[in-house]
Amino acid sequence: MTSQTDVRLDGAAELRTEREATPGSAGDRRERPEAGPEKVYDSYYGRPVLNEPTWQEHDIAGYLFLGGLAGASSTLAAVAELTGRPRLARVGRVAALCALGGSFYSLIHDLGRPERFINMLRVFKVTSPMSVGTWILTAYGPQAVCAGAADLSGRLPRLGRAATVGAGLAGPAVATYTAALICDTAVPAWHEGFREMPFLFAGSAAAAAGGLGMLAAPLSEAGPARRVAMLGAAVECVAATRMERRLGPLAEPLKRSRLLRAGEALSLAGALAGVTVGRRSRIAAVAAGAALLAGSACTRFGIFRAGMESANDPKYTVQWQRRRLS
Amino acid sequence: MGRVGFFTDTSICIGCKACEVACKEWNAVPEDGLAFTGMSYDNTVSLGADTWRHVAFVEQRRPLGHQEPGVGDMDFRWLMASDVCKHCTEAACLDVCPTGSLFRTEFGTVVVQQDVCNGCGYCVPACPFGVIGKRESSGVAAKCTMCYDRLGDGQEPACAKTCPTDSIQFGDLDELRERAERRLGQVREAGTASARLYGHDPGDGVGGMGAFFLLLDEPEVYGLPPGPVVTTRDLPSMWRHAGVAAFALLAGVTAMALPIWRRRG
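Protein chains in written order, with our numbering: chain P, 3 to 328; chain Y, 537 to 801.
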């Protein structure tokens, strides 16, 4: 480096004698008995190793829920449309439209510079789930809006039908990429759960979409919604249980989470009620659907909070890495 | 221009915080609160958007080499270390940045472009060292640039320039690694057996750090992760799992609407 600085790249260490100082070499320490086992230090004054995610809970956990609801609702709408259930299809389309609006609001609201949202579209990076997600939303969003708008306005039915199918195909990607998004971080409870998280999210999304279908569609057409809710709740619970088992000590924040327990209970109760009494009673179907929606929201907020907790306690970072190293 | 870096030799750090001050001054890093923490002489606490160099102080009841503290049988040593962005070879912050704001410079360092960052905050939890943060005042991510502006002008970074004991050494990364090996031998021979290098190995979880350290205790004692791994190392598997889950969702919803369920309503 040609410069006027005193950077020395020639290895001539004698230029600065301080570099050669050997602390602890002075003095002639007496031999002394061992002072018992050494204290194990887990961290620097108990401070977290990681910086806490700056994401606001109501925005990002809210988006995890709304994005899942939107994606799975679009898929349910497409399937309903193709199997001759127009009112269930309408519920799915309108739900997707509303959830998508909420999603965009949350995402943009959480940016430090909301007016620069467009900067997301400068690049496509497969190493960044947020970049991939932006493009998934870019493909999905207009179709979901088109499907919803065509339905509500009653115009351009063919375009609406095509958009319904298109959004239905893109919907599952919207519902599951968010799992890769939160797992692709150094947050211990999120990162290490990356094998089960996409299934947990897919199940939770299906349970929410099924719940909304049950809540708003007539009993005669809500059959698929009830079954989707049941399947989704089951997958969600199995994925959560497997994740908690596999993570061992890292699962503590997940196991402690009352939100996650409430989410599982609400989802399973809602799903069971849906496929039993919900088939005959409109009131029961509405209650079961509401429970499913609440359950899915609880699960997403619970996952979000458990991740925050695992990032804020250095033991989850340090002990996990020590275990891997040893 | 080859890859440059920092070798921070904590055995000769005197905890003066000149690096913190020089960094703040040169880079116009805003003040980020001054609270009494009771953490020895450390009120800076940790790295973040508004702290790009952080001097850790650790007090231990252990001997430092052959040193006699001169207070009876009591053992005492003080560990001081100036922490900084590691400018990882495999940098998670750079990988996950969805705008391309974070980039690799011609010096091999990792820098945020303030005018491209939109404040999404993804880099913050991606960093396994807790280095990068989102600045409150501007809403965008900020961290050590290894004085990118100074490097371009042939100057060494402000922290290294100001370090009075040369604990922070700047230079060609390969040369620094050799120097660090020599120094490690010297410190160990002088009686400090607990000395070790941290981040010098290109085979580690982040492909080697552009800023690496000679430490006198375990990394976690200084607030450093003992075995950091870049989060994107598992990303191919994450995408596979997410892909399978998406197809399962599509297939599951479709299956639940098939006519086979008609009989049972």
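Read the hints as simulated data drawn from the structure, not as lab findings. Note that the structure is a prediction, hence the values are computed from the model and not measured. Careful: at least some of the hints might be erroneous.
EDC-like cross-link-like pairs, simulated, lysine to aspartate or glutamate; straight-line CA separation at most 20 Å [unchecked claim]: (1) P:LYS317 / P:GLU246; (2) Y:LYS553 / Y:ASP586; (3) Y:LYS553 / Y:GLU567; (4) P:LYS317 / Y:ASP651; (5) Y:LYS697 / Y:GLU561; (6) P:LYS127 / Y:ASP770; (7) P:LYS127 / Y:ASP586; (8) P:LYS257 / P:GLU223; (9) Y:LYS697 / P:GLU311; (10) P:LYS127 / Y:ASP753; (11) Y:LYS553 / P:GLU311; (12) Y:LYS697 / Y:GLU711.
Which bits of chain Y does chain P cover? Going by a derived footprint, with three or more residues having C-beta under 8 Å, they are [unchecked claim]: (13) 558-569; (14) 601-611; (15) 620-628; (16) 638-647; (17) 696-710; (18) 768-775; (19) 781-789.
C-beta atoms are modelled at their ideal positions from N, C-alpha and C, and glycine is treated no differently.
Hints, one by one, checked against the model:
no. : hint                : verdict
1   : P:LYS317 / P:GLU246 : holds (17 Å)
2   : Y:LYS553 / Y:ASP586 : holds (15 Å)
3   : Y:LYS553 / Y:GLU567 : holds (15 Å)
4   : P:LYS317 / Y:ASP651 : violated (36 Å)
5   : Y:LYS697 / Y:GLU561 : holds (13 Å)
6   : P:LYS127 / Y:ASP770 : holds (16 Å)
7   : P:LYS127 / Y:ASP586 : violated (28 Å)
8   : P:LYS257 / P:GLU223 : violated (38 Å)
9   : Y:LYS697 / P:GLU311 : violated (39 Å)
10  : P:LYS127 / Y:ASP753 : violated (39 Å)
11  : Y:LYS553 / P:GLU311 : violated (31 Å)
12  : Y:LYS697 / Y:GLU711 : holds (18 Å)
13  : 558-569             : violated (count 0)
14  : 601-611             : holds (count 6)
15  : 620-628             : violated (count 1)
16  : 638-647             : violated (count 0)
17  : 696-710             : holds (count 9)
18  : 768-775             : holds (count 6)
19  : 781-789             : holds (count 8)
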